[in-house]
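Sequences are here, hints too, so could you generate the full structure?
There are 2 protein chains.
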Amino acid sequence: MAEDKLPKRSEDFSAWYNEIVTRAELAEHSPVRGCMVIRPNGYGIWELMQQALDRMFKDTGHVNAYFPLFIPQSFITREAAHVEGFAPELAVVTHGGGKELEEPLVVRPTSETIIYSMYAKWVQSYRDLPILMNQWANVVRWEMRTRLFLRTMEFLWQEGHTAHETEQQAEEETLRMLGVYRTFMEEYLAMPAVTGLKTDSERFAGALRTYSTEVLMQDNKALQNGTSHNLGQNFAKVFGLQFQSREGSLEYAWNTSWGVSTRMVGGLIMTHSDDNGLVTPPRVAPIQLVIVPIFKTDAEKLTVMEAAEEVFRIIKAAGVRVKLDDRDSMSPGSKFYDWELKGVPLRMEIGPKDVEKNTVVIVPRVELSQEEAPKPGKKQKLFISRTELLARIPQLLDRLQSQLYENAKARREANSIRNVTSYDQVKELVARDAGFIYAGWCGSAECEAKVKEETKATIRVIPFPEFQSAEKPSHCVVCGGSAKHEVIWSKAY
Amino acid sequence: MAEDKLPKRSEDFSAWYNEIVTRAELAEHSPVRGCMVIRPNGYGIWELMQQALDRMFKDTGHVNAYFPLFIPQSFITREAAHVEGFAPELAVVTHGGGKELEEPLVVRPTSETIIYSMYAKWVQSYRDLPILMNQWANVVRWEMRTRLFLRTMEFLWQEGHTAHETEQQAEEETLRMLGVYRTFMEEYLAMPAVTGLKTDSERFAGALRTYSTEVLMQDNKALQNGTSHNLGQNFAKVFGLQFQSREGSLEYAWNTSWGVSTRMVGGLIMTHSDDNGLVTPPRVAPIQLVIVPIFKTDAEKLTVMEAAEEVFRIIKAAGVRVKLDDRDSMSPGSKFYDWELKGVPLRMEIGPKDVEKNTVVIVPRVELSQEEAPKPGKKQKLFISRTELLARIPQLLDRLQSQLYENAKARREANSIRNVTSYDQVKELVARDAGFIYAGWCGSAECEAKVKEETKATIRVIPFPEFQSAEKPSHCVVCGGSAKHEVIWSKAY
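Chains A and B supply the protein sequences, listed in that same order. Sequential numbering from 18 applies to the first sequence in this note's numbering. Sequential numbering from 18 applies to the second sequence in this note's numbering.
Nothing false has been slipped in among the hints.
The calculated lysine-lysine pairs, modelled on DSSO-like cross-linking and capped at a C-alpha distance of 30 Å, are:
| no. | chain 1 | residue 1 | chain 2 | residue 2 |
| --- | --- | --- | --- | --- |
| 1 | A | Lys333 | B | Lys75 |
| 2 | B | Lys75 | A | Lys340 |
| 3 | B | Lys318 | B | Lys396 |
| 4 | A | Lys396 | A | Lys340 |
| 5 | B | Lys333 | B | Lys370 |
| 6 | B | Lys75 | A | Lys75 |
Part of the chain B face toward chain A, derived, beta carbon under 10 Å:
| no. | residue |
| --- | --- |
| 7 | Ile55 |
| 8 | Asn58 |
| 9 | Leu107 |
| 10 | Val110 |
| 11 | Gly115 |
| 12 | Met135 |
Hints were generated in silico from the structure; no laboratory data involved. For clarity, every value in this text was computed on a predicted model and none was experimentally measured. By construction, the Cβ of each residue, glycine as well, lies at the ideal position given by its N, Cα and C atoms.
Here is the structure:
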């Protein structure tokens with residue numbers, strides 16, 4: 018049972034993804050359609066993501082708060098674009114305590130309305146600004162076609178909500194938090210993110226401007242996994258969020274909101290994992306190193322277990338998240354298979370000969386280019402003296418972290434097609450899921466809609482300068498008109 | 018405005034509580050009746066509680082997971098006692114995505130049903146046990162009479178859910194986690210908790226046995242702020258949570274559940290705070306020390322701020338949660354008032370003379386018996402050399418933490434009335450809110466109900482041996498029959 022092969026990525030990416038999520042015990046469907054159960058292996062990854070992000074939010078001056086799950090239905094309908102965007106996705110509580118409610122309550126799909134209605138009470142003067150708050154919460158959006166982590170009816174996220182004196186300060190905040198997301202994704206998730214501006218058609222319901230991070234998955238579809246919105250004064254006007262300015266006039270505040278969710282766990286899987294199972298970057302791996310003792314006789318067991326336990330204690334004391342797999346009911350081979358499937362970055366093997374030689378064997382989950390290459394057709398094995406362990410383990414974890422980022426970045430670059438000038442070529446590239454397609458766009462919603470309808474690709478972002486091609490496209494790849502922007506087309510999750 | 022006096026505890030405890038919650042900006046009512054907004058000052062306390070508890074749960078072998086917010090209505094009704102307990106409190110989603118649902122969904126009031134239905138899928142053999150999981154989540158119970166933190170429609174909590182091979186293991190787990198709660202309350206919240214068994218009438222809906230922690234508030238009412246339940250096989254039988262035992266037979270698992278919530282924040286306020294505002298034990302204080310610079314001239318400002326910033330850096334680097342209050346728009350006196358109201362454990366004052374003498378003044382929020390006594394009618398002021406700061410600040414924080422615990426424990430002891438043998442005396446004691454009343458009880462639901470009806474006091478717990486009186490009561494204080502237990506009577510939140 019345990020050693021059934023996973024489907025191959027190249028043959029059925031979607032089945033491969035589902036099997037990894039299930040077999041690595043990351044998440045599971047619940048009895049309520051569209052809602053997932055996040056199992057400890059998956060939740061452990063999310064907890065590490067939360068801890069890192071929370072530190073980054075606090076380092077940029079934000080504090081946490083908590084706002085209600087329920088929002089009066091009338092609040093949602095006050096901002097015209099907002100209600101249009103969210104109305105079809107709402108879960109509605111109509112009964113409470115055995116009675117029908119006078120006004121139905123909406124289960125929050127996002128919290129702009131309830132939060133800005135509270136800010137309106139708290140803010141009188143410019144001295145009360147900026148407000149820089151974040152909340153960690155669950156939200157519900159009614160979805161028909163759900164996939165574990167990627168699109169679920171209920172998901173966990175954080176939503177930052179800020180209020181500022183000026184448009185410029187709000188724009189700076191919007192971009193700062195997009196930058197925090199990008200840094201987090203690159204440094205913790207080893208996911209190279211392209212950042213840029215969303216087109217009007219992909220803008221958050223109620224925002225002036227939406228920016229996003231887009232990461233190329235192994236099937237060459239894009240995953241939008243973080244968004245940051247400059248909300249302008251739209252919500253401030255609706256909820257009366259006003260302040261007395263430095264000049265004494267009464268002004269509406271400028272708001273931003275930004276969020277990332279458990280969707281990132283899905284993105285992590287689709288970025289790094291392979292046909293043997295999950296691959297987890299060490300910085301968000303609940304177990305970074307697993308020790309598998311190997312022995313045959315009782316005498317061997319005694320010496321090997323003693324060595325394994327000592328190594329375990331030393332490594333744990335050094336702050337590494339380490340597990341000693343002392344299960345009696347499984348063979349070492351089955352354990353190797355199990356931990357590979359579950360994505361543990363480093364496996365350590367200790368057998369009687371290793372104890373004799375005072376060494377251990379380390380097998381990294383992904384081949385490290387900075388270490389000695391493996392024999393052809395074999396796994397990379399690193400023989401390490403026990404006296405060097407405390408120096409080597411953190412180094413190997415760092416190397417694995419960097420390696421994953423480099424691999425993902427190289428893959429993205431190899432699958433970024435620039436300077437595409439013919440629409441036929443766009444169609445052909447999209448049809449074979451070629452990756453990120455860089456091309457000119459005239460800025461018209463018509464050309465954007467035409468591509469979406471005919472190819473299912475969308476404009477992921479108008480990329481920031483550092484991602485733009487050296488040569489700026491001159492013409493729209495769809496209509497041939499003058500190009501206003503270089504944009505990235507791709508199918509997406 | 019800022020210097021309006023708080024209501025006095027002795028005159029109107031309830032108004033005093035509400036004003037502290039609002040003025041210290043801990044929480045606020047939301048537009049949805051019964052739901053609260055937890056503001057950053059209150060949420061910061063909750064975050065520190067979470068971190069400490071989460072470590073304690075993990076140290077006792079538990080892992081975190083996440084289960085859905087929504088539960089099929091039919092699940093709730095499967096366990097007879099459970100549905101009877103929770104049916105009147107349910108919020109029900111009847112519409113989703115613009116359509117009426119075939120089966121309404123209940124917003125979780127607690128998660129036994131959904132969680133044990135999942136465990137039933139995961140457990141086959143005794144090898145899969147124990148399951149030791151916890152989740153941090155929001156829950157909803159429809160409440161008509163709500164009070165911020167103490168009783169709200171939505172609240173934040175953790176719920177631990179475990180499954181075991183034997184009844185004994187489940188009972189051990191139930192008591193272990195009750196012990197974790199007690200330790201946490203005493204060591205972090207400085208709240209002395211009485212632990213014991215709940216009577217049948219106060220048992221969790223669906224449990225075999227419920228244990229709780231009870232803390233005496235300053236108005237001499239009890240607050241139940243943690244419960245731990247041995248669920249027996251009730252839920253296992255309803256959801257088919259079975260396993261193959263070591264002997265090969267098919268058995269139902271034994272479950273426990275245990276939880277604490279944001280209610281603890283309310284308990285913290287009512288245990289320690291005074292007529293000047295909030296008092297926070299240092300270990301859960303988001304700001305442990307505030308530095309208030311004092312100066313008149315620009316020249317003084319320069320030297321004082323330089324010293325204040327240096328002290329700030331040094332203390333912060335030592336891991337103390339410190340804030341430098343450099344607001345220009347407020348006088349030092351207003352700042353003192355503000356931070357007293359907000360419950361910061363230590364205030365540091367630095368003026369020009371302190372800079373000259375290389376000292377600072379520390380004013381503890383609560384008088385420390387281990388430090389030099391204040392002059393009559395004055396606040397305790399400690400003059401500390403700057404060279405001693407790094408040693409003294411952590412020491413003072415520890416002393417304040419212990420002092421709060423000692424104060425609360427002495428108050429509880431002074432308000433515990435033991436060996437009460439006449440029912441008239443019980444009535445008189447309850448009528449004047451005398452505190453924890455220890456008396457004999459025959460074990461009958463009738464006597465229990467009679468006291469509740471006639472005095473509004475309930476049996477808080479059948480206390481564990483260490484809390485029992487030296488002399489065991491022989492007779493039931495109500496009916497005069499033979500006493501089965503010594504119990505604690507008190508009004509409660």
